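Asker: Next come the chains, spelled out residue by residue.
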Amino acid sequence: MTISHFTAVLLFAALASVVFAITLRETLRDQVRYGLESFAWFVGGTIVGGWILYFINPH
Amino acid sequence: MPSETVAKRATAQTEAAGHATKGWGVFFLGWLVPGLGYFIHKKWIRGGLVLGCISGMFAIGLALQGTVYPFNTGDILQMLGWLGDFCAGGLYFGTRFLGGGAGNPYQVMGDYGTVFLIAAGLLNLLAASDARDVALGRKP
Numbered sequence: 001m002t003i004s005h006f007t008a009v010l011l012f013a014a015l016a017s018v019v020f021a022i023t024l025r026e027t028l029r030d031q032v033r034y035g036l037e038s039f040a041w042f043v044g045g046t047i048v049g050g051w052i053l054y055f056i057n058p059h
Numbered sequence: 001m002p003s004e005t006v007a008k009r010a011t012a013q014t015e016a017a018g019h020a021t022k023g024w025g026v027f028f029l030g031w032l033v034p035g036l037g038y039f040i041h042k043k044w045i046r047g048g049l050v051l052g053c054i055s056g057m058f059a060i061g062l063a064l065q066g067t068v069y070p071f072n073t074g075d076i077l078q079m080l081g082w083l084g085d086f087c088a089g090g091l092y093f094g095t096r097f098l099g100g101g102a103g104n105p106y107q108v109m110g111d112y113g114t115v116f117l118i119a120a121g122l123l124n125l126l127a128a129s130d131a132r133d134v135a136l137g138r139k140p
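Protein chains in written order, with the working numbering: chain Z, 1 to 59; chain P, 1 to 140.
Quick caveat, the hints were computed from the structure, so don't treat them as lab data. Remember, predicted model here, so these are calculated numbers, not experimental data. Incorrect hints may have been included.
To give an idea of the chain Z side of the interface with chain P (calculated C-beta under 7 Å), a few residues [said to hold, decoys possible]:
1. M1
2. T2
3. S4
4. L10
5. A13
6. L15
7. E26
Ranges of calculated distance between the beta carbons of each label pair, as one might list FRET restraints [to be verified]:
8. P:G52 / Z:T2: 32 to 38 Å
9. Z:T27 / P:A63: 48 to 54 Å
10. Z:I52 / P:G52: 40 to 46 Å
11. Z:H59 / P:L32: 44 to 50 Å
12. P:K8 / Z:V32: 28 to 34 Å
13. P:T14 / Z:V32: 39 to 45 Å
14. P:T14 / Z:I52: 41 to 47 Å
15. Z:E37 / P:L136: 24 to 30 Å
The beta carbon of each residue, even a glycine, is placed where N, CA and C say it ideally should be.
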């Protein structure tokens with residue numbers, strides 16, 4: 001199987017966020033909120049990191 | 001000290017020991033099969049989500065031709081890789097038993113797959129630990 005790097009990030013972020021939310025928060029409301037926040041941090045952090053690396057070495 | 005107090009204390013100690021044993025038993029089962037620690041406590045949705053996410057992550061890692069490390073005493077990174085894979089419990093043993101997880105060093109996605117496999121193991125450890133907390137009454 002071959003997938004794009006971004007797809008790999010999305011899959012990883014989604015699956016890890018669900019487990020984080022279940023294990024690190026107690027109420028359903030907190031779990032949903034934490035899961036979404038965690039997902040956003042995973043994906044957002046990757047995009048920001050990618051741009052930082054681009055500016056460090058654009059070639 | 002009255003004998004009644006001694007008896008009560010002994011009973012409390014026995015109960016505490018039994019409680020701790022139960023907690024570690026749930027931890028072990030949760031490690032062996034992802035989500036089983038929750039299923040024992042009839043937390044069906046939690047267990048199902050954990051089972052699906054961890055098994056899915058492990059399956060994606062295998063599909064990307066990631067490496068499942070055998071036990072080794074060589075390079076420190078390989079030893080840590082084995083430790084991460086081992087945390088996946090039954091998924092690790094099943095894959096090793098069936099001869100999967102050989103990896104493919106010639107495919108770039110193989111490295112991604114290896115990371116997925118190790119992350120699945122670490123998440124499984126986290127879930128098993130959480131199931132232990134549920135068993136001990138520290139978490140609803």
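Asker: Each hint needs a verdict: does it hold in this structure or not?
Answerer: Each hint tested on the structure:
1. M1: Given a least distance of 4 Å, the restraint on Z:M1 holds.
2. T2: Result: holds, 6 Å to nearest chain P Cβ.
3. S4: 10 Å, violated
4. L10: Cβ of Z:L10 sits 11 Å from chain P, so the hint is violated.
5. A13: 11 Å, violated
6. L15: 4 Å, holds
7. E26: Holds - the Cβ of Z:E26 comes within 7 Å of chain P, reaching about 6 Å at its closest.
8. P:G52 / Z:T2: 32 to 38 Å: Violated: the Cβ-Cβ distance is about 23 Å, outside 32 to 38 Å.
9. Z:T27 / P:A63: 48 to 54 Å: 35 Å, violated
10. Z:I52 / P:G52: 40 to 46 Å: Given range 40 to 46 Å: violated, Cβ gap about 33 Å.
11. Z:H59 / P:L32: 44 to 50 Å: 49 Å, holds
12. P:K8 / Z:V32: 28 to 34 Å: 44 Å, violated
13. P:T14 / Z:V32: 39 to 45 Å: About 41 Å separates the Cβ atoms of P:T14 and Z:V32, which means 39 to 45 Å holds.
14. P:T14 / Z:I52: 41 to 47 Å: 58 Å, violated
15. Z:E37 / P:L136: 24 to 30 Å: 27 Å, holds
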